[in-house]
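Residue numbers (the numbering used here), protein chains in the order written: chain B, 1 to 309; chain Z, 1 to 445.
Accuracy of the hints is not assured; some may be wrong.
[What the hints assert, rightly or not] With a cut-off of at most 35 Å between alpha-carbon atoms, the simulated DSBU-like pairs for lysine-lysine come out as follows:
(1) B/188 / Z/146
(2) Z/29 / B/204
(3) Z/26 / B/204
(4) B/204 / Z/415
(5) B/205 / Z/54
(6) B/213 / Z/146
(7) B/71 / Z/29
(8) B/169 / Z/173
(9) Z/54 / B/90
(10) B/227 / B/205
(11) B/169 / Z/127
(12) B/169 / Z/54
(13) B/204 / Z/93
(14) B/71 / Z/26
(15) B/205 / Z/26
(16) Z/270 / B/227
(17) Z/173 / B/204
(18) Z/29 / B/205
(19) Z/146 / B/88
(20) B/186 / Z/130
The hints are simulated quantities; they were obtained by calculation from the structure and are not laboratory data.
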Amino acid sequence: MKDRMEKKGFFAKLRDGLTKTRNNITSRVDELVKYYREIDDDFFEELEETLIMADVGIHTTEEIMNYIRDKVREEKIGDVSRIKDLLKEKIISILEEGSRKPELAGPTVMLVVGVNGVGKTTTIGKLASRFCREGKQVIIAAADTFRAAAGEQLEIWSKRAGASIIRHKEGADPAAVVFDAIQSAKSKKADILLCDTAGRLHNKKNLMNELEKISRIIDREFPEAHKEVLLVVDATTGQNAIAQAAQFRESVGITGIALTKLDGTAKGGVVVAVKSRLNIPIYYIGVGEQEDDLHPFDPEDFASALFDS
Amino acid sequence: MAFESLADKLQSALKKLTGKGRLNEKDVKEAMREVRLALLEADVNFMVVRDLIKKITQRAVGSEIMESLTPGQQVIKIVNEELTALMGGTQSKVVMASKPPTILMLVGLQGSGKTTHAGKLANYFRKQGKNPLLVACDIYRPAAIKQLQVVGDKVDTPVFELGQEDPVHIVRKALEYAKENQHDMVLVDTAGRLHINEELMNELISIKSAVQPHEILLVVDAMTGQDAVNVAQAFNEQLGIDGLILTKLDGDTRGGAALSARAVTGKPVKFVGMGEKLDDLEVFHPDRMASRILGMGDVLTIIEKAQASIDLKKAEEMERKLRTQTFTLDDYLDQLEQIKSMGSMQDILAMIPGMNSSKLGGLKIDEKQIPRTQAIIQSMTPRERLNPSIINASRRKRIAAGSGTRIQDVNQLLKSYEELKRMMKQMTDMSKGKGRRGRMKFPFM
């Protein structure tokens with residue numbers, strides 16, 4: 001199975017990962033286009049439902065629908081098939097507006113945060129492997145000292161990738177792990193320090209405080225490094241992802257999102273909502289379980305893969 | 001993210017209708033738009049929402065408005081009842097096999113919390129006097145076995161593992177081991193998967209046919225979006241599930257996924273995970289989930305908690321004392337005890353409708369304060385407790401020393417006691433003067 005996966009090219013994988021989403025949105029849109037000859041209220045309503053089913057969320061769906069309604073009125077569009085292009089255009093523009101990419105020149109600390117079970121540790125493993133392949137020197141701080149065996153899991157990933165890892169005992173102070181990792185990164189002149197953190201629900205005040213402390217330590221001990229804070233979001237997550245992003249941003253200032261598990265049946269439409277409402281760019285997408293199944297996010301590709309069959 | 005509660009929205013949308021005798025079609029249609037938005041915002045699956053709205057509309061149109069309710073409340077009442085019905089009437093338990101061991105198999109997507117909940121279930125059944133065995137069948141995720149071992153250690157339950165062997169082989173051997181060692185429950189932790197992965201799904205099917213589990217429980221993350229339906233359907237159709245475990249419900253998600261999964265599979269939610277600790281597992285209450293999805297807080301839970309821990313007789317006595325102004329420090333102590341037995345103040349406040357986590361953010365309740373206050377009062381003599389006005393400087397010094405606090409703390413306590421007394425006096429005066437007080441209304445009644 002592994003061999004088969006590795007032979008596939010990058011775009012094939014991306015497309016595979018997004019096939020479900022695309023099928024879901026486009027086949028329904030195609031269906032609608034066939035079914036309705038005129039653009040009327042029922043048509044808009046059905047279109048709205050299609051977006052909601054993809055987890056785009058009611059607010060962003062309304063934003064998109066208003067845009068399309070206005071366009072249809074302004075340009076007197078009578079052709080239902082034009083709607084698909086409009087949808088794509090709008091989604092690209094939401095995703096592209098004010099977007100940025102992670103800055104990785106010079107020493108960088110990447111703090112990886114998120115709620116439980118979204119795939120933080122796996123994402124770190126994939127990131128480490130990616131950066132190592134690019135010839136960078138990578139250090140991983142195993143600051144998830146809470147979940148049983150999180151350190152072991154990360155150790156296995158770090159070996160696969162060829163990165164060094166700083167670990168303490170289970171139950172140790174995560175801030176201390178990060179502190180040690182920073183010292184190590186400084187003395188080894190590492191290019192990238194990846195900090196894993198324990199999954200935490202964003203409404204747990206004390207756990208968010210713990211995260212703030214880690215973030216403060218990075219600022220204080222490693223001011224010369226560029227800091228990125230990556231929020232990992234599971235593509236199966238519904239509207240709660242917006243609350244997650246808002247809360248984590250308030251605590252530690254999210255700079256980008258990694259959207260994981262896009263290879264399932266989940267549509268990942270919630271990123272559009274997060275981008276639209278909070279203007280947090282998406283950095284990476286995870287489309288599989290292998291080391292190289294993490295890709296930089298590209299709005300154009302994403303939307304194209306979403307709509308072109 | 002603060003959501004305006006559906007109850008508030010409906011109330012304001014239907015405010016102008018107060019006094020009308022029946023709900024007409026137009027009113028209901030307007031209300032249903034709000035209900036629809038609220039359900040979708042809560043991640044209830046779109047198809048499920050559509051069916052539900054249809055049902056509710058049918059019931060609501062022409063229904064007589066109860067005398068005590070506003071039209072908005074009437075609509076909420078119907079919505080709440082329908083949601084509860086859809087959630088599945090009463091809670092259902094795990095049925096024990098007539099011939100042990102009872103075999104439970106946990107399945108679910110990656111990261112939904114299977115391993116943690118295997119541990120929580122082991123803990124739960126241990127407390128009921130069972131002797132469970134955990135079986136590690138997740139041979140793919142790095143360190144998954146180790147995680148189960150650590151969890152098993154914490155709940156004092158042995159873990160059966162054979163490393164990266166074939167899971168079917170592992171589970172067969174585990175069953176033999178359980179029988180030899182008098183384990184009357186076997187909890188099988190399986191590898192997480194994306195359900196499109198047929199290879200892994202087939203593995204689950206072989207495990208199932210190898211050991212014939214009595215129940216297969218699907219572990220679902222409460223934060224799942226519209227996809228919850230596909231997940232539940234796929235597992236149910238290909239594997240056949242007997243119930244659901246809803247995890248991470250201690251977050252601020254509305255948890256519409258529960259409703260969706262329940263609606264498409266027809267299988268009950270049996271447990272909910274409410275935290276990271278291994279005893280944070282609760283039996284599911286459909287009615288409470290319904291109010292949560294609607295954003296009405298967990299009013300029922302708070303009422304029940306209060307009823308369970310407040311002694312009615314004591315409450316009556318307290319009321320008499322309040323009225324007659326003989327509320328002493330002893331009574332204050334009593335009250336603190338009762339508050340303490342209701343659980344964490346933060347938990348209780350969080351259950352009140354409109355008190356979502358963001359509003360609570362700024363309000364930090366110092367729980368350590370309660371035992372400190374108790375210590376201070378307990379360091380007073382009975383006479384001092386009855387008549388705090390005799391507490392002079394030297395008595396204060398003695399009380400502080402006796403309770404291990406500072407004199408300022410004693411002063412603080414006496415001050416807040418006086419304030420409380422004054423407040424109570426005002427309240428009793430008010431109710432005496434103005435006669436009948438307004439009826440207390442809960443938004444859902």
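Violated hints - listed by number, lowest first: 2, 3, 5, 12, 15, 16, 17, 18, 19 and 20
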